[in-house]
Amino acid sequence: MFKYIKNEIKLIREKDPSIKSNIEALLHPTFTIKIYYRISHYFYKKGHYTIARFIQNRGKRKTGIEIHPGATIGKNFFIDHGVGIVIGETTIIGDNVMMFQGATLGTAGKEKGKRHPTVGNNVLIGANAVVLGNLKIGDNARVGAGAVVVHDVKSNTTVTGVPAKVVRDYNKK
Amino acid sequence: MFKYIKNEIKLIREKDPSIKSNIEALLHPTFTIKIYYRISHYFYKKGHYTIARFIQNRGKRKTGIEIHPGATIGKNFFIDHGVGIVIGETTIIGDNVMMFQGATLGTAGKEKGKRHPTVGNNVLIGANAVVLGNLKIGDNARVGAGAVVVHDVKSNTTVTGVPAKVVRDYNKK
Amino acid sequence: MFKYIKNEIKLIREKDPSIKSNIEALLHPTFTIKIYYRISHYFYKKGHYTIARFIQNRGKRKTGIEIHPGATIGKNFFIDHGVGIVIGETTIIGDNVMMFQGATLGTAGKEKGKRHPTVGNNVLIGANAVVLGNLKIGDNARVGAGAVVVHDVKSNTTVTGVPAKVVRDYNKK
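Chain order of the listed sequences is R, L and W.
Convert by adding 14 to the 1-based position in the first sequence; the result is the number in the numbering used here.
Convert by adding 14 to the 1-based position in the second sequence; the result is the number in the numbering used here.
Convert by adding 14 to the 1-based position in the third sequence; the result is the number in the numbering used here.
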């Protein structure tokens with residue numbers, strides 16, 4: 015438990031230069047929402063969906079961030095600011111992912127079952143970006159602010175725009 | 015009253031596949047914000063504007079959704095997630111409309127009187143879409159995620175982009 | 015103090031036609047968040063960063079608006095609706111600036127020190143617009159809804175789109 019908090023503080027101080035002390039890091043939305051998510055995820059896995067959603071709603075009210083208790087999230091997930099973030103039930107997020115305020119990992123509306131994105135490792139998802147449907151965001155990809163993504167994004171690329179197009183491809187040299 | 019709640023639960027379970035029980039549906043933001051809206055709308059129509067806004071603010075704090083008490087909203091209005099949604103005072107919304115998080119039905123800033131959109135029946139407004147001014151969104155239209163709409167949208171069309179352009183027109187076959 | 019409140023009410027009633035009385039103006043998010051900002055800014059300048067962030071968080075929970083206590087803000091700053099607004103630590107905002115819901119004055123992620131925008135006088139920043147990095151928005155500029163700005167914006171121009179381009183230039187006649 016103590017180790018978990020220590021790691022979280024380290025992560026937050028590393029990623030957010032506006033944080034000036036360990037105590038201040040505990041007031042960061044990343045710290046708050048991840049505790050709510052972990053508790054709600056625990057109840058969700060046990061099949062207590064209503065309790066899970068109740069806890070999700072409490073976290074949403076405190077932070078403006080809505081992570082569905084069913085989502086799967088890797089290590090060192092970092093959110094900045096975060097008001098308006100939505101992460102859907104069948105989303106899978108890898109390690110070291112950063113996500114900014116207003117960004118959505120949502121559904122395109124027609125799918126059943128796995129209907130939210132699968133996000134690789136070291137991905138950055140910019141402010142107000144919208145990623146919709148059961149698609150893949152490859153490792154090290156960057157989704158620009160305000161981008162709308164409705165197709166897979168290849169690893170090591172940067173996509174921007176509405177709809178999102180590749181503007182940088184680090185696979186080619 | 016009981017019938018109203020029953021209908022709401024039916025609507026929410028129909029539209030949101032992540033809801034797993036009737037009790038969980040009562041925790042959905044659609045259910046919460048529509049109760050706040052109905053009460054604030056009642057006071058607004060009686061001319062108690064300050065009370066109406068007070069109730070609007072309570073609902074906004076709980077859900078992140080801001081529906082002006084003066085807005086006119088049809089049957090089976092459904093909101094998903096909803097943080098960041100803004101619906102202006104002179105907005106008119108038809109029946110069976112869906113609206114996602116971060117979407118705005120706002121004003122272009124120069125108009126007086128009716129200065130917000132009129133939205134038809136069966137319209138879908140995607141996440142982070144912004145619709146500005148006293149314009150019309152026709153029946154069965156779809157406004158894509160992140161679209162910025164500043165002109166009328168014809169019935170049976172899909173618009174996307176900044177500024178929004180028609181990408182699909184179901185009137186032509 | 016009384017004069018401050020009087021000015022705020024005047025500003026809010028001038029800018030928002032949906033406000034119908036002075037009392038109602040006190041329920042406007044502009045009024046609420048600016049009080050939180052002023053208190054948090056006071057503690058920030060004294061070096062009490064954790065207290066400052068605690069107050070920032072309270073204001074964010076009440077309004078959905080996140081203004082970093084370190085930001086510098088001019089006279090007659092007006093926010094409408096405001097859920098999802100983010101204003102970063104080293105942002106400088108001039109006089110008579112308007113900002114709408116979902117808009118971000120943020121950082122591009124690679125900079126140190128001054129890493130947020132400098133916004134001139136009489137600037138308007140539309141709903142869900144994202145302005146990133148230590149760049150300049152000139153006097154009287156307008157940033158359209160949903161625009162993503164990553165370069166300087168000249169005075170007396172209007173920019174829109176992702177990425178933002180000049181669509182009107184009042185310097186040329």
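Hints are not guaranteed to be accurate.
Remember, identical chains collapse to one label, so a pair may be satisfied in a single copy or spanning two.
[As the list claims (entries may be wrong)] Derived DSS-like pairs (lysine-lysine); straight-line CA-CA distance at most 30 Å:
1) LYS168 / LYS17
2) LYS186 / LYS150
3) LYS34 / LYS186
4) LYS150 / LYS24
5) LYS17 / LYS59
6) LYS60 / LYS29
7) LYS150 / LYS168
8) LYS89 / LYS168
9) LYS76 / LYS168
10) LYS76 / LYS60
11) LYS168 / LYS20
12) LYS179 / LYS60
Since the hints were made in silico from the structure, they are not lab data.
Each hint tested on the structure:
no., hint, result
1, LYS168 / LYS17, "neither (35 Å within a copy, 49 Å between copies)"
2, LYS186 / LYS150, "within (20 Å within a copy, 33 Å between copies)"
3, LYS34 / LYS186, "neither (39 Å within a copy, 46 Å between copies)"
4, LYS150 / LYS24, "within (29 Å within a copy, 32 Å between copies)"
5, LYS17 / LYS59, "within (24 Å within a copy, 33 Å between copies)"
6, LYS60 / LYS29, "between (33 Å within a copy, 24 Å between copies)"
7, LYS150 / LYS168, "within (8 Å within a copy, 33 Å between copies)"
8, LYS89 / LYS168, "within (21 Å within a copy, 42 Å between copies)"
9, LYS76 / LYS168, "neither (35 Å within a copy, 38 Å between copies)"
10, LYS76 / LYS60, "both (24 Å within a copy, 27 Å between copies)"
11, LYS168 / LYS20, "neither (34 Å within a copy, 45 Å between copies)"
12, LYS179 / LYS60, "neither (40 Å within a copy, 46 Å between copies)"
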